Amino acid sequence: MQLACFPNSYGRFGPEAAIEHLPLIGVHCLELPIKNSGVPSFFKETPLLTDASTLEEVDVVVQKINDAGMQVCSCNISSGNVVDPLVVERTLKKLALAERAGVSLVVAGGGEAKTMEEQQRLVQNLRRIGDAAAERGITYCCETHPGAFQDAAAMLATLNAVNHPAIRVNFDTGNIFFYNANANLLDELELIMDWVAHVHIKDTNGRFKDWHFPALGEGGAVDFVAVREKLEEAGYDGPISLEVEGIE
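Going from the sequence shown to the working numbering is simple: count from 1 and add 97.
Hints listed in this document are in silico derivations from the structure and should not be mistaken for laboratory results. These numbers come from a predicted model, not from an experiment. It cannot be assumed that every hint is accurate.
[Said to hold, decoys possible] As a list, the in silico DSS-like pairs of lysine-lysine whose alpha-carbon atoms are at most 25 Å apart:
1) K211 x K306
2) K141 x K327
3) K211 x K141
4) K161 x K190
5) K161 x K141
Between the sequences and the hints, there should be enough to build the whole structure, so can you do that?
Now the structure itself:
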């Protein structure tokens, strides 16, 4: 397993602060965000890369990360709801940039459907994304977010419908509580473990829809030792990407 960090943990200070600080605390892997051009970030940081970036700009950013004593272990290419064809096009652009960054894993949304027609489109679009990712040697890991990847049952139903080897799961230890009332973290992880290719390690107080994501060990709901044991038992060897998103 590789200990990494997603720079949204640095809030408005963003990836520049992450690259400067993380090596000082012994974290040398980065989940590099590629943001949506022209769309203000939730965390109000200045992005290093967007879908409008060039391949040469990717090279500059990766070199900056390497010079700081870090490597890019994955890219976060969240773009929106994959039911939307414009989001799919944006995702395809970001996959090209992620390939240039040298990663084999990306994290992004798995989509949310409101109707049967949207559900069919979601499945079709994930297959299209999976094809594009596979051509670049990349696995697309769907975030633990509302909709198709909200809990283990929804994840399994979607993954079986999509049936694509390049579509997998990013399991988020905090989001599983935030988006699901009365969630059992270890049971959910056990159910979906065979599909997990990326992990967000995040603490929480465990309350439904309560934005409470403090420093690890301060939330109380996540048994990190038990999570690590389950991952090790399953032979998981991917990134464990830290997320500390604060408290509202």
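Need the list of violated hint numbers for this structure, in ascending order.
2, 3
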